[in-house]
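Given the coordinates of chain A, work out where chain B should sit on it, guided by the hints.
Protein chains in written order, with the working numbering: chain A, 1 to 146; chain B, 1 to 146.
A few of these clues could be false.
Pairs involving identical chains hold if they fit within one copy or between any two copies, as the list cannot separate such chains.
[Claimed, not checked] Subject to a maximum C-alpha distance of 20 Å in a straight line, what follows is the list of computed SDA-like cross-link-like pairs (lysine to any residue):
#1 K37 with S12
#2 K20 with E60
#3 K99 with V2
#4 K11 with A65
#5 K141 with G91
#6 K141 with S13
#7 K141 with V119
#8 K99 with V119
#9 K141 with A42
#10 K99 with S109
#11 K99 with G131
Hints in this document: simulated from the structure, not taken from any laboratory.
Number of protein chains: 2
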Amino acid sequence: MVDILHKVGIKSSSLADASKALTTIEGLSGWWTTDTKGDAGAGGVIQFRFPPGGFDMKVEKVEPAHVLWRVVEGPEDWVGTTIDWTLKQDGEYVVVLFKHQGWREPTESMHHCSTKWGVFMLSLKALLETGKGAPSPNDVKIDNWN
Amino acid sequence: MVDILHKVGIKSSSLADASKALTTIEGLSGWWTTDTKGDAGAGGVIQFRFPPGGFDMKVEKVEPAHVLWRVVEGPEDWVGTTIDWTLKQDGEYVVVLFKHQGWREPTESMHHCSTKWGVFMLSLKALLETGKGAPSPNDVKIDNWN
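So that you can see chain A by itself, here it is in the shape it has in the complex (with noise of 0.2 Å):
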């Protein structure tokens, strides 16, 4: 088992706020894909469509410093993954820990979430930070999978 993990430093000192960007409809809207359905409370399931497909997750755990999603549909290597946000004041900061857990290859395909799992979570630092990210279908393209 493998994981893919990120941290993204936001300059903001209202963990609150930050916290709205994972746990709203219109927040995830603003950093990750613009077609987000759903219900992002807990137990909830949230739909998140991209050109290609897209992933529902289940809502395992919300509280503001952490967020916990299982993949309930999806690409199989994604389908019973866990998605692990963690936040924490730290100075100026609002420091945001990522983990997508349960990888059971470490496959092209993951090589290809790590590094779009990184370009998203500098998408949900400028939303933060500026107002605006570049969710989906704006998003980085990073390679041939786009």
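Frame of chain A, contents of chain B only:
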């Protein structure tokens, strides 16, 4: 043991040209850090320096499609880890698969380095596609650690 994985695709039909960005001091200076010195040939040691410190890497393999470095000096959590680059032509792209292997713990430092490697992979892509990367000290800052 946990790994950092990344992938970028460079719009190029020349794997040999892309490879130069990993196998020459000039190439490495163009996307990772402008302060790169040493011997990038097989058995050589490359010194990568950044404002807070740096890494010495022993070049264990240097082929056009495969480069392997071992960290011989640097922060404690980096020493002994390996950095593995595989290149392949895939249609209009040279695909670069990256693995930083041998991390002992999934620390906050590892989260930071994972995102930062993603940023530098995009700098490598930019260098090869546009002629201009974003190496340190003009790299994209991601958090309270820079």
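Any of the earlier hints contradicted here, and which numbers?
1, 9 and 11
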